[in-house]
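K.L.:
Listed here are the chains, written in short residue letters.
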Amino acid sequence: MSGERDVLPELSIDLTPTLVVSTALATMDPTPVHHDPALARAQGSKDIFLNILTTMGLVERYVTDWAGPAAVIRRIDVRLGVPAYAGDRLSFTGKVVSRADGELTVEVRGAVSLGDHAVGAVTLTLPEGEDPC
Amino acid sequence: MKLTDEELHELAAKQTALGELRGTPAADPVNVPMIRHWLAAMGDENPAYLERGLAPPAMAQVWTMPGLRDRPKDRSPVDDLMAALDASGYTGVVATNCEQVHHRYARVGEVLTPATRFTGLAGPKRTALGVGFFATWTVTWYAGDDEPVAEMMFRVLKFRPREKKPKREPYPLRPAVNQDTAFFWEGVRQGELRVQSCADCGLPRHPPGPLCPQCRSANRSYAVASGHGSLYSYVVHHRPPVPGRETPFVVGVVELPEGVRVVGNIVDCPIEEVAVGMPLRVTYRTMDDELVLPMWTPGEP
Ligand SMILES: [Zn+2]
Numbered sequence: 001m002s003g004e005r006d007v008l009p010e011l012s013i014d015l016t017p018t019l020v021v022s023t024a025l026a027t028m029d030p031t032p033v034h035h036d037p038a039l040a041r042a043q044g045s046k047d048i049f050l051n052i053l054t055t056m057g058l059v060e061r062y063v064t065d066w067a068g069p070a071a072v073i074r075r076i077d078v079r080l081g082v083p084a085y086a087g088d089r090l091s092f093t094g095k096v097v098s099r100a101d102g103e104l105t106v107e108v109r110g111a112v113s114l115g116d117h118a119v120g121a122v123t124l125t126l127p128e129g130e131d132p133c
Numbered sequence: 001m002k003l004t005d006e007e008l009h010e011l012a013a014k015q016t017a018l019g020e021l022r023g024t025p026a027a028d029p030v031n032v033p034m035i036r037h038w039l040a041a042m043g044d045e046n047p048a049y050l051e052r053g054l055a056p057p058a059m060a061q062v063w064t065m066p067g068l069r070d071r072p073k074d075r076s077p078v079d080d081l082m083a084a085l086d087a088s089g090y091t092g093v094v095a096t097n098c099e100q101v102h103h104r105y106a107r108v109g110e111v112l113t114p115a116t117r118f119t120g121l122a123g124p125k126r127t128a129l130g131v132g133f134f135a136t137w138t139v140t141w142y143a144g145d146d147e148p149v150a151e152m153m154f155r156v157l158k159f160r161p162r163e164k165k166p167k168r169e170p171y172p173l174r175p176a177v178n179q180d181t182a183f184f185w186e187g188v189r190q191g192e193l194r195v196q197s198c199a200d201c202g203l204p205r206h207p208p209g210p211l212c213p214q215c216r217s218a219n220r221s222y223a224v225a226s227g228h229g230s231l232y233s234y235v236v237h238h239r240p241p242v243p244g245r246e247t248p249f250v251v252g253v254v255e256l257p258e259g260v261r262v263v264g265n266i267v268d269c270p271i272e273e274v275a276v277g278m279p280l281r282v283t284y285r286t287m288d289d290e291l292v293l294p295m296w297t298p299g300e301p
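Residue numbers (the working numbering), protein chains in the order written: chain A, 1 to 133; chain B, 1 to 301.
Hints are not guaranteed to be accurate.
Listed next, the stretches of chain A that the computed footprint assigns to chain B, with coverage defined by at least 3 CB atoms under 8 angstroms from CB atoms of chain B [stated by the list, open to error]:
1) 8-22
2) 48-56
3) 78-86
4) 108-116
Worth flagging that the hints you see were computed from the coordinates, not collected in a lab.
The structure presented is a predicted model; accordingly, all values stated were derived computationally and were not measured.
Even for Gly, the Cβ is constructed at its ideal location relative to N, Cα and C.
Next up, chain B with everything else stripped away, as it sits in the complex (with noise of 0.2 angstroms):
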């Protein structure tokens, strides 16, 4: 049945009220085949886990993973809202977050029970890969009665995909996507804004580069921008024409709160309104089956 958002919600609050719901203890115990198994497959030469029967950390789920076996569900409060999101036709999903909690390392001969709660429904929110919401969950595994081993906190963005439109023309003016922008872009298609920063020193810079230009470091890191920015300085671009756009357009230098001035078109605003100094925020454009970039129209400071 389509929910509105706000009964999304409500089923949220319900599903959260449930509280933990206990699953079926996994088939096996931790044991150590599967754990020889593991680890060659990941490469993992650490001889902690077989020298002292223990179970690597990071398999904690998989000891009740229910693989190939045909065996009925586990009652989940994360079941109902997902059909849900899906029948309202955020039918997309995407990991986003895993986080994990090792209070301490199974050992061999344990059998591990699954609980699942949900914990939190956030949206609609808008991203590059469409309007979604964020759906969250924690999944203990308890040893014995109720002794927590590990909890899993995992959050998935239910999104509704875009409508599929006949294969565009490819956008001609492609950007240049290296080791260096590539964070940028990736932030593009997630729907982040990103400024690249020194891991050293701290200093924001864009274009991004290599190198501080004020400590010479070569660690770089990145902070999400806010999104929002000032008009510093722009053009309007009457000719020559440019393949793949209409002229004229305008070019905005964006001042951002974050201390960084990025480039970009100012859309959604008539030419003759442009003024320096116009608050701004990022919007994010399809212009074609691949490419998404970012732009800037008017919005509040």
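So here's chain A without its partners, still in its complex pose (with noise of 0.2 angstroms):
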């Protein structure tokens, strides 16, 4: 199970502050490191950087974004790794790595300049025919 219509389309977002800051605003994350820079270089940081709700949108959406509106969201699990400054670009890469009726497993991989951002894999269920493969 390799073949090419088994990769998901490549995402790469731009990390601009605007991101930052908006999706630290719409998961209720008031925590400085997501939003106001010169606390979060004086905590070490290079920048502020995403929150992980984000992440976990962000994953949801990369995966949703091939499947469509009839994929139902089963699991998301995350392994994180390099945080995600502002500035940078998230780059997303997925493939599936297991199809059974009607559950697909997608491995998805999210890395930024530093290595890898997220990694980790989405369970979904499409109803029948639905498949994006």
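Reassemble the complex: the two chains are provided individually, in unrelated frames, and hints are given to aid placement.
P.N.:
Take a look at the structure:
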């Protein structure tokens, strides 16, 4: 199972400060390292960075962008790696690693310039006939 | 109060035995404006949510985030343990895993209530960040009285930050970190020895490269090696002088049970005792304020 049809199109997201701050707001997370550059630097970070709720949200978006609106997300498992700083770019790649009875598991990797920001798997179900592959 | 490692495990067992503790219900029911705001911020154009009155599943935690509101913190079995780890010197924290199970999507109008249970403490373990404990807990969000909608397992590493030493001279030899090798150096940062493998035929290969020598596939993956190996071959370097290093030192070729050989320095072993076939295990050396290098030290096979 490694044909081209099992590979998700790549998605690159520019992590503008606006994106980092607006996702922090949308996730109700006022922790300063996600919106206050001076404070983030004082704590040893390079800049403000994405919060984990956003990472999970972007992983979900990456998979549903591909799977379509009929997909139902069942699991999102993410191993967290290097921070995703404002000014960097987050690039998602993915591929289907299992498929049975309408349930798909997609392996997802979200990389930034420092290395892997998030690596994991998303399991989803699709109504019959809706397999994007 | 500073606790011993054993006492930390005892406290963890006590917190685990508390089982699931209910928190305060969400301040707002699942609602369209917050969903719309989230979708816009994420750049998520999936129409399914707003058309069907459903919340994006990854939003589960958002409904019960305190935000800027000043409200009493829920009693949670996690807090006491985090406080004890802090007091015992494990003041650093970094999240390592987040796993969500979605039983169904929350519907507009539902009020979610979180419940937290502590599920495990592992450690102390040596990591590239320092010695630390992995703490794991699960939050379940219920709709109504007891219908679980979503569960989230969260794991953090609470570590003892390395003593801040005066800034060291940067080590003059820097590894080449590029797209092919970034996974390896990220592994070193996390205290993992990663070996590249072909995502199609599974062949392990080292050093990392773009193509599989067996099937020519460009699909790459990696496995985390056990960190054990044996010395396949070595040289003792006497001269010329190497910037940043004291001579003589040993450069070995280490054979890994995972099926590849890697090059690295053999350390913590008198040079006359270095011998082909000797069992080795990986160790991580901090070279300067930023660089950690994997090296090899005598160890059990
Ligand atoms: Zn191959």
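K.L.:
Decide, hint by hint, whether the structure agrees.
P.N.:
Taking the hints in turn, this is what the structure says about them:
A count of 3 residues in the stretch 8-22 of chain A with a Cβ less than 8 angstroms from any Cβ of chain B is obtained; the coverage claim is therefore met, three being the minimum. Under a criterion of three residues with beta carbons nearer than 8 angstroms to beta carbons of chain B, the stated coverage of the stretch 48-56 of chain A is upheld, 5 such residues being counted. Residue count for the stretch 78-86 of chain A with a Cβ under 8 angstroms from a Cβ of chain B: 5. That meets the three needed, and the coverage hint holds. Here the stretch 108-116 of chain A counts 4 residues with a CB under 8 angstroms from a CB of chain B, which clears the bar of 3, and the coverage holds.
Consistency with the previously given hints is maintained throughout, with no hint failing.
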